[in-house]
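First residue of the sequence shown? That's 63 in the numbering used here, and the numbers climb one at a time after it.
The hints are simulated quantities; they were obtained by calculation from the structure and are not laboratory data.
Take every hint as true, because none was put in to throw you off.
List of simulated lysine-lysine pairs, DSS-like, C-alpha gap at most 30 Å:
id : residue 1 : residue 2
1  : Lys313    : Lys300
2  : Lys136    : Lys112
3  : Lys346    : Lys388
4  : Lys265    : Lys227
5  : Lys387    : Lys374
6  : Lys313    : Lys244
None of these values were measured; they are calculated from a predicted model.
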Amino acid sequence: MMKKIFPCLLTFLTVFWCGCENKPSGGEKEPVRSEKNGEKQAESSADTGKSGIWKNRLQAASAEAERARGDDKKHVEALNELASLYAEGLQNGWVHPLDVRSWCESVAESGAGYSGETVIGALFLYGTGVTRDPAAAREWFEYGLARPGSQRGNALYMLGMMYSKGDGVNQDQNKALELWHKAADENHPGALSLLGRASMEGKLGLDKDAASGLAFLERAANGGDVAASMYLGRIYAKGEGVAQDMERALKWYQQAASAGDPHAQYIVGLAYLDGSGVPVDEGKAFNWLRLAAGQEHVNAMLMLSVCYSTGKGTRQDANMAEVWKKKALELNSRRQTPQEGHQPSSAP
63 MMKKIFPCLL
73 TFLTVFWCGC
83 ENKPSGGEKE
93 PVRSEKNGEK
103 QAESSADTGK
113 SGIWKNRLQA
123 ASAEAERARG
133 DDKKHVEALN
143 ELASLYAEGL
153 QNGWVHPLDV
163 RSWCESVAES
173 GAGYSGETVI
183 GALFLYGTGV
193 TRDPAAAREW
203 FEYGLARPGS
213 QRGNALYMLG
223 MMYSKGDGVN
233 QDQNKALELW
243 HKAADENHPG
253 ALSLLGRASM
263 EGKLGLDKDA
273 ASGLAFLERA
283 ANGGDVAASM
293 YLGRIYAKGE
303 GVAQDMERAL
313 KWYQQAASAG
323 DPHAQYIVGL
333 AYLDGSGVPV
343 DEGKAFNWLR
353 LAAGQEHVNA
363 MLMLSVCYST
373 GKGTRQDANM
383 AEVWKKKALE
393 LNSRRQTPQE
403 GHQPSSAP
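Let's have the full structure, built from the sequences with the hints guiding it.
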């Protein structure tokens with residue numbers, strides 16, 4: 063059962079004014095400074111009101127997290143909402159850090175595979191729902207590393223990013239690499255993908271090493287990192303650092319497409335139309351293009367129009383061909399139109 067500790071931290075400061083001219087006579091009270099006292103009372107009342115609303119939200123979120131047990135997706139969503147509320151409480155002084163740590167530990171002990179401190183650290187790092195505070199982010203990441211957990215890799219990866227950019231810490235690329243390698247040892251897909259690309263390209267202080275790069279990237283892709291799957295598809299399709307191999311390229315593109323990446327879906331659709339790395343299959347081509355078009359991939363929308371116009375993979379339908387062509391052109395036009403308040407660059 064999660065611990066529900068909701069302390070209210072109130073500090074009262076009394077200032078005594080002394081002086082011969084203003085000192086009250088025996089038995090008399092110092093005159094009330096109505097304007098200033100009124101302002102202070104209003105501020106105190108507003109703060110108490112906000113903290114009260116926050117406590118109610120916290121209690122509701124805690125109850126929702128309890129109800130969501132057994133449904134992994136809903137449980138994680140509820141825990142994320144709780145973490146967000148705790149970050150807000152920490153920044154406003156409505157909750158003590160030790161009580162937030164107690165909550166993090168209770169979640170970890172429940173076997174939920176959730177690292178509350180890492181999520182709170184990320185909220186502070188990116189300023190999500192709270193004022194951005196890299197120093198606080200670092201403290202929560204480092205606290206998360208004080209004990210093992212399924213999201214230990216996340217904390218290592220995030221801290222690596224902070225050291226690489228000098229964000230809230232002194233910039234130290236060697237320290238960043240050390241942390242990323244530790245995250246990779248925890249099979250963190252983002253760290254594996256980053257180290258894989260850096261090894262393939264000889265960046266971030268790493269020697270160019272295709273064998274190590276491919277090993278990192280394949281582990282990342284098989285761990286669900288879509289960017290790694292796309293990268294592998296591209297290098298095999300173009301023969302960048304590896305022998306060109308369209309079959310392998312399509313294997314990785316299909317993995318990214320199955321994970322929902324619209325550009326990968328478009329590429330796979332074209333491959334089935336052309337027979338590039340796979341046998342020609344117009345039906346599969348149409349289905350992949352339709353998925354990409356449904357995610358507003360402009361080129362996929364145009365190719366879907368061609369499929370309807372020529373009857374490739376679907377029945378010929380001039381009206382649908384025109385519908386998808388019009389949608390693609392309108393979407394492309396909107397994307398190329400500068401947003402209000404943003405002028406196009408005049409740089410050559």
